[in-house]
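A.B. asks: Residues per chain, in single letters:
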Amino acid sequence: MSELINTLSLYLKYPFVRYALIVGVLVALCSSLFGVTLVLKRFSFIGDGLSHVAFGAMAIAAIFNLTNDMPLVLAITVISAILLLRTGQNTKIKGDAAIAMISVGALAIGYLLMNIFSTSSNLSGDVCTTLFGSTSILTLTKTEVWLCIILSIIVVAIFIIFYNKIFSVTFDENFAKATGTRANLYNLLIAVVIAVIIVLAMNLVGSLLISALVIFPALSAMRIFKSFKSVTVCSAIVSVFCSLLGILISILASTPVGSTIVAVDIVVFLIFAFIGTIAGRMS
Amino acid sequence: MTQLKCENLSLGYDGKEILSDLNFNVNAGDYLCIVGENGSGKTTLMKTILGLQPPVSGKISACGGLKQNEIGYLPQQTLVQRDFPASVWEIVLSGCQGRCGLRPFYSRDDKELAKNNIEKLGLTPLMKRCYRELSGGQQQRVLLARALCATKRMLLLDEPVSGLDPKVTQEMYSLISDLNKKDKLTIIMISHDIEAALSYATHILHIGKSVFFGTKEAYLESDASAVFSKGGLKDVGIN
Ligand SMILES: Nc1ncnc2c1ncn2[C@@H]1O[C@H](COP(=O)(O)OP(=O)(O)OP(=O)(O)O)[C@@H](O)[C@H]1O
Ligand SMILES: [Mg+2]
Chain A
5 MSELINTLSL YLKYPFVRYA LIVGVLVALC SSLFGVTLVL KRFSFIGDGL SHVAFGAMAI
65 AAIFNLTNDM PLVLAITVIS AILLLRTGQN TKIKGDAAIA MISVGALAIG YLLMNIFSTS
125 SNLSGDVCTT LFGSTSILTL TKTEVWLCII LSIIVVAIFI IFYNKIFSVT FDENFAKATG
185 TRANLYNLLI AVVIAVIIVL AMNLVGSLLI SALVIFPALS AMRIFKSFKS VTVCSAIVSV
245 FCSLLGILIS ILASTPVGST IVAVDIVVFL IFAFIGTIAG RMS
Chain B
348 MTQLKCENLS LGYDGKEILS DLNFNVNAGD YLCIVGENGS GKTTLMKTIL GLQPPVSGKI
408 SACGGLKQNE IGYLPQQTLV QRDFPASVWE IVLSGCQGRC GLRPFYSRDD KELAKNNIEK
468 LGLTPLMKRC YRELSGGQQQ RVLLARALCA TKRMLLLDEP VSGLDPKVTQ EMYSLISDLN
528 KKDKLTIIMI SHDIEAALSY ATHILHIGKS VFFGTKEAYL ESDASAVFSK GGLKDVGIN
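As you go down the protein sequences, you meet chains A and B in turn.
First residue of the first sequence: 5, per the numbering used here; consecutive thereafter.
First residue of the second sequence: 348, per the numbering used here; consecutive thereafter.
Subject to a maximum C-alpha distance of 20 Å in a straight line, what follows is the list of computed SDA-like cross-link-like pairs (lysine to any residue):
1) A/233 x B/475
2) A/45 x B/434
3) A/233 x B/451
4) A/233 x A/166
5) B/499 x A/184
6) A/230 x B/476
7) A/233 x B/455
8) B/414 x B/527
9) A/230 x B/481
10) A/233 x B/430
11) B/475 x A/284
12) A/233 x B/454
13) A/233 x B/453
14) B/475 x A/234
15) A/230 x B/431
16) A/233 x B/476
17) A/230 x B/470
18) A/230 x B/472
19) B/475 x B/434
20) A/45 x B/399
21) B/363 x B/391
22) B/414 x B/376
23) B/556 x B/370
24) B/414 x A/189
25) B/475 x A/287
26) B/352 x A/184
27) B/414 x A/177
28) A/230 x B/471
Covered, in the sense of this in silico footprint (three residues per stretch, anywhere, with C-beta under 8 Å from a C-beta of chain A), are these stretches of chain B:
29) 407-420
30) 450-461
Just a few of them, taken from the derived set where beta-carbon distance is under 8 Å, the chain B residues facing chain A:
31) 430
32) 433
33) 441
34) 444
35) 477
36) 497
The hints are simulated quantities; they were obtained by calculation from the structure and are not laboratory data.
Backbone N, C-alpha and C fix where the C-beta goes; we use that ideal spot for every residue, glycine too.
Let's have the full structure, built from the sequences with the hints guiding it.
C.D. replies: What follows is the structure, encoded as structure tokens:
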């Protein structure tokens, strides 16, 4: 045990480990806050589609040899979020099919482009990293950490300021619209923020695993808690806890960060589901 | 004072009309009942009035300074997902959202209003409970409390008593009647319960193959009523 603590405190001396922890906590917090809305609004498929779009955008950034690809990826993902939301609301086009098309298409094109244009010697390693997150946590620069901190503050602030409106629009969009709340505007806001969260989370867990990061804490919290506020608070706590634990385990056991975090999320979900069932039986 | 005016209104989905050429006015303090068979377009009319759906042609205008955020609405079915975690308190309070405008948080007045409406509908013991664990009738009352938070002037109700037991149905009707008489709320209600419609409403809009709009008294004289009630109305004991 003391050996573990020794190793940990040794690692914590390195700035890159601290960066990873900071970013991990922030990303986990942001994604869990909007995860509840995403799950409840049946928007989770949008999250999935967007993460693949973000992968395609990263491939494009790689072609142009951009050293800082975040702004480009962010812009493309936000625009896609707006477009996806539009098609989702349009009952004539099958929303699900459109999203599946875009997301799989982006994945394929992204990989193709990387294959053709990449100058990297370790192509499959690069692809694996963008899909599943880095195998280690060495990849964050100081700029990225700062960008992440600023964006996280904005995301959390938006969530707090629009909390009541997000609730209204999530719970009953028609009622909100009928009684004078500008539901479309808030839907748009939610979609844009989700796009930002996805781009943030890509660094940590890679584009294939983002949905897990967003959805699992919310689903866990919903097993036990029954009001919107308690579910939101609980999923934020669960998400931050799982993320921290996952990062620490991945350092000690040298496992890939993203999948370790998701594995912890799954374990917690199972525990919560178990508790929920027991509590349901007893009441 | 006219609050709502519909002129040559045609409604439908995707440009396909299901009802055409409706003309009617609603005055402040009216109690309008919309009756008609299943599928005749009552819910569609209500959604069009609420602006959830564009009219195919024609015009709906709000008069007398009636604003969108002064309307309360009780939907026929709420597409609330089975597993939505929300307490009764959170839902009723969300009715105040329209009053908030750009203000991010609920004021003390909003909370007071929500509390009063919860009390009015006898929901106080259920305040902390989870919405999805309530019975259908209790859920209906929660949604009515929410609708009351949203309005001081006009309340639209889509089959408010469906699924309620006879006692609660009666309570619901007298409550709505009170809201109309005491709180001076304009009521627009869709109902299949023609007896209740005729004992409480001041005006009737009958839609379907034949369209009728007018006062309750005129409706009784008209042919439209005969179809719907098979002539048994004279026994209902109006007023
Ligand atoms: N979203 C929709 N898209 C296309 N057609 C619709 C839609 N909703 C309803 N309709 C059609 O419009 C017609 C009117 O429906 P509406 O729900 O307004 O009837 P209603 O009078 O409220 O019936 P009920 O008494 O059963 O509530 C029906 O024929 C229905 O099939
Ligand atoms: Mg209907």
